[in-house]
Amino acid sequence: MELAHIVEIVNGRVICGEEKLRRTVTYGFSSDLMSDVLTINIEDLMLITGLTNPQTIRTAEMADIEFILFVRNKKITPEMIKLAKENDMVLIVTGYSLFRTSGLLYNAGLKPVY
Amino acid sequence: MKLNFQVEGGNFTKAGAASSEVKKVLKQLGVPPMIIRRIVVALYEAEVNIVAHARQGIISIDLYPDKVEIELRDKGPGIKDIPQAMQEGFSTASEEVRAMGFGAGMGLPNIKKNADKLHIESLVGEGTTVHITNYFAKP
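Chains G and F are the protein sequences, given in the same order. Its first residue numbered 1, the first sequence is counted upward by one per residue in the working numbering. Its first residue numbered 115, the second sequence is counted upward by one per residue in the working numbering.
Errors might be hidden in some of the hints.
What the hints assert, rightly or not - SDA-like mimics (lysine to any residue), calculated; alpha carbons at most 25 Å apart, straight line:
1) G:Lys111 to F:Lys138
2) G:Lys75 to F:Glu209
3) G:Lys82 to F:Lys226
4) F:Lys181 to F:Val238
5) F:Lys226 to F:Asp195
Think of the hints as simulated: they come from the structure by calculation, not from any bench.
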């Protein structure tokens, strides 16, 4: 799925990485538990989360995840944006809940990991 | 090549800085991405453990042509029962640690899963030392 299409579906706002919106992603994983995210050994994944702190970005960095979608209009700090830019990531924010976001993207064809 | 990092207990804004540096160095050395991933996931979980549980720690990285040896030595509460701590779901983490997305009792199992060799020594009231070895190509 193209990132631009994902942004459209969740009525999202791109925080950084606009230049990558033509990129595609195959899998989605929704979690607020970073240790769980670190168990996933799959490329081409979007992390969908309500957890907003620098460890979210660090976790994505270690797990080679380039795309993060934050739910419920969570506040993304300047420090998080700086870290994300250093790692060439795309950060998107939506006002929808984790449940609604996951449901919409699943319906639209984003694949689950398990 | 040797790399050393100081880790401050309780400082979550910096947690992962050492792992991030190591990842950059491994990339520059041309280590395959799937192997880098295993190394940095193990290292990052161990680094977060120092921040979550200890007062301070030192991470020493020894890079050889065929492997990396990592030692994480901390001053902290130590681990009373290592086999129990290795069980998935066992955790003594604080609410603050849980709020950071960790502390679900998955850290040590994650380290074990991603390390080619893992050895943990601990003295209650003194601290814990974690040794991780990973090979760049499967031996």
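Hints, one by one, checked against the model:
no.	hint	result
1	G:Lys111 to F:Lys138	violated (30 Å)
2	G:Lys75 to F:Glu209	holds (20 Å)
3	G:Lys82 to F:Lys226	violated (31 Å)
4	F:Lys181 to F:Val238	violated (31 Å)
5	F:Lys226 to F:Asp195	holds (16 Å)
Hint compliance for this structure: hints 1, 3 and 4 are broken, all remaining hints hold.
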